[in-house]
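S.K.: Each chain, written out:
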Amino acid sequence: MNWLSDDAVARLRDIAEQPQLTGTRYELLRELGRGGMGVVYECHDRELERSVAMKVLDVAEARDEWRAEAKTLARLEHPGIVPIHDAGLLPDGRFYYTMKLVRGQRLDELRSLTRAETLRLFVRICEPVAFAHANGVVHRDLKPQNVMVGEFGAVLVMDWGVEHIAGTPGFMPPEKERSERSDVFALGATLKAMLHRDAIPRPLQAVLARAMHDEPSQRYASARELGEDVQRFLDGLPVTAYRENVFELAGRFLARNRALVAVIAAYLLMRVIVFFWMRL
Amino acid sequence: MSVAPFPTTRRSVVLALASADAAERTRAFETLVACYWKPLYKYARVGFRRTREDAEDLTQSFFTRAFEKESLATYDHAKASFRTFLRTLFDRFAANEWKAGQRLKRGGGEVQLDFEAAEAEIGRESSVESPEEYFQREWVRSVFALAVQRLKERTDREEKRVQFAIFEAYDLDDDRGVSYRELATRFDLPETQVTNHLAAMRRRFREIVLEALREVTASEAEFRAEAKALLGAKP
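Just so you know, the sequences run in chain order Y and R. Quick note on this note's numbering: the first sequence kicks off at 1 and runs consecutively. Quick note on this note's numbering: the second sequence kicks off at 1 and runs consecutively.
Treat each hint with caution, since some may be false.
[As the list claims (entries may be wrong)] SDA-like cross-link-like pairs, simulated, lysine to any residue; straight-line CA separation at most 25 Å:
hint: 1; chain 1: R; residue 1: Lys228; chain 2: Y; residue 2: Arg232
hint: 2; chain 1: R; residue 1: Lys228; chain 2: Y; residue 2: Ala70
hint: 3; chain 1: R; residue 1: Lys152; chain 2: Y; residue 2: Asp92
hint: 4; chain 1: R; residue 1: Lys152; chain 2: Y; residue 2: Gly236
hint: 5; chain 1: Y; residue 1: Lys71; chain 2: R; residue 2: Arg224
hint: 6; chain 1: R; residue 1: Lys228; chain 2: Y; residue 2: Leu4
Simulated from the structure, these hints should not be mistaken for laboratory data.
Kindly generate the complete structure, drawing on both the sequences and the hints.
M.R.: If you want it as structure tokens, here you go:
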């Protein structure tokens, strides 16, 4: 065997890349997706008779960094963070961890959401990110492709980062150092991508500008602050990122208090009618 | 000097190029020639449309000169991968030769390379991308081919020829119609034994690929990057 055809080379590449699960409790079912660091497979857990998602890291990835990362992630127990079940080394020496298999749609695949639905979804994405930040964990690669919306409306943030993840162009902040504020930038970019078809009102534009400011110190200090500002917009309250003029203030007041304004207007109209009636 | 297959060490032969031991330097050089001569020959021949005679002279002279002057030992793994370093050195060598306007004369001590086989392979390959992509593609083919060769040698030594023959029939042959059942009949084995042998051969193939990759890289970072280039990115 001296020469390998292109097809044979492709097959050998697959063989060399496929995780070796012999002797483990898992059986490989199918590939779910691949990223910069490894491949995610759907596997059957023979012990517990359930399907799980298994992330197998590329042979090139350092195990120790990932082992530490898996431990950190395992401590993050939040309904918006995909729980890790198990982690270890495969017989072929590669590091893996298994997670809950989330069935649903990726955020970037969701269509036909109203602006209010989009914003409500976004606020729910900020919650697990804020929780992770409070526990000292930075995601490093937030983007719509890393958010799953489950069949029953659960919102789950996936693919929590490791030390050497740089991020994804378009969602990556300009600074090299990664911190909570770099996640805030990526959240801003995610919101912008979610709203891309809508005309964005000025207060929301200001929220995006603040979240995605080039200077980290000028951004929201945390994912929680960003989520809260978006929630204020949803509730018809002023956002901290935008100073509104008197007309905008009046417009927002009218929009938020339509029933009250209608009652007062009706009352005043009635008083005017009564006033002129009495003078006849 | 004839080109030997990869030695069975897991040590970096790139680092061994700078060894104080002349015999070790020679072994390291031969290993690198075994891995890289075909990709470089094809790179010159197809990527830059050199005539067969030119490409043969260029490849032969490049390695002969590199051995004499020990120029491969100047590699600095902090700057680039060995693969990129070698291609750049080859490009520079080819440009200088072109400027000089003279054909390189083959001297003594030249490496023995099977250009006939390389030409036959070129005739069977699919279309060419950019010269650099073509070089990378041929490097992948070369590493896999050498790993298959090493697997065959080891299974021959261990008298596990049937296991290798199953791997060859199922994973290497382009006639993909063969089933486990047919292989079981062909080798007079139970079907489960066929799948077990195949799994074992695949596992060993994978180990050998990584072992070979460790040898032709000089640092952990380079090994990781080259493993990604070899296995990570789907064509």
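S.K.: Taking only the CA atoms, is the gap from lysine 228 of chain R to alanine 70 of chain Y under or equal to 25 Å?
M.R.: Given that 25 Å is the threshold and the Cα spacing comes to 22 Å, the pair holds.
S.K.: Mind checking the alpha carbons of lysine 228 of chain R and arginine 232 of chain Y for me, to see if they're no more than 25 Å apart?
M.R.: Given pair lysine 228 of chain R, arginine 232 of chain Y is violated - Cα atoms ~46 Å apart, limit 25 Å.
S.K.: Can you confirm whether the C-alpha distance between lysine 152 of chain R and glycine 236 of chain Y stays at or below 25 Å?
M.R.: violated, 72 Å
S.K.: Decide if the proposed pair is consistent with the structure: lysine 71 of chain Y and arginine 224 of chain R, CA atoms, cutoff 25 Å inclusive.
M.R.: Answer holds: lysine 71 of chain Y to arginine 224 of chain R is near 23 Å, not above 25 Å.
S.K.: Do the alpha carbons of lysine 152 of chain R and aspartate 92 of chain Y lie within 25 Å of each other, as the hint requires?
M.R.: Satisfied, since the Cα-Cα distance of roughly 20 Å is no more than 25 Å.
S.K.: Taken at face value, is the distance from the CA of leucine 4 of chain Y to the CA of lysine 228 of chain R at most 25 Å?
M.R.: holds, 20 Å
Checked against the numbered hints above, the structure violates hints 1 and 4; every other hint is satisfied.
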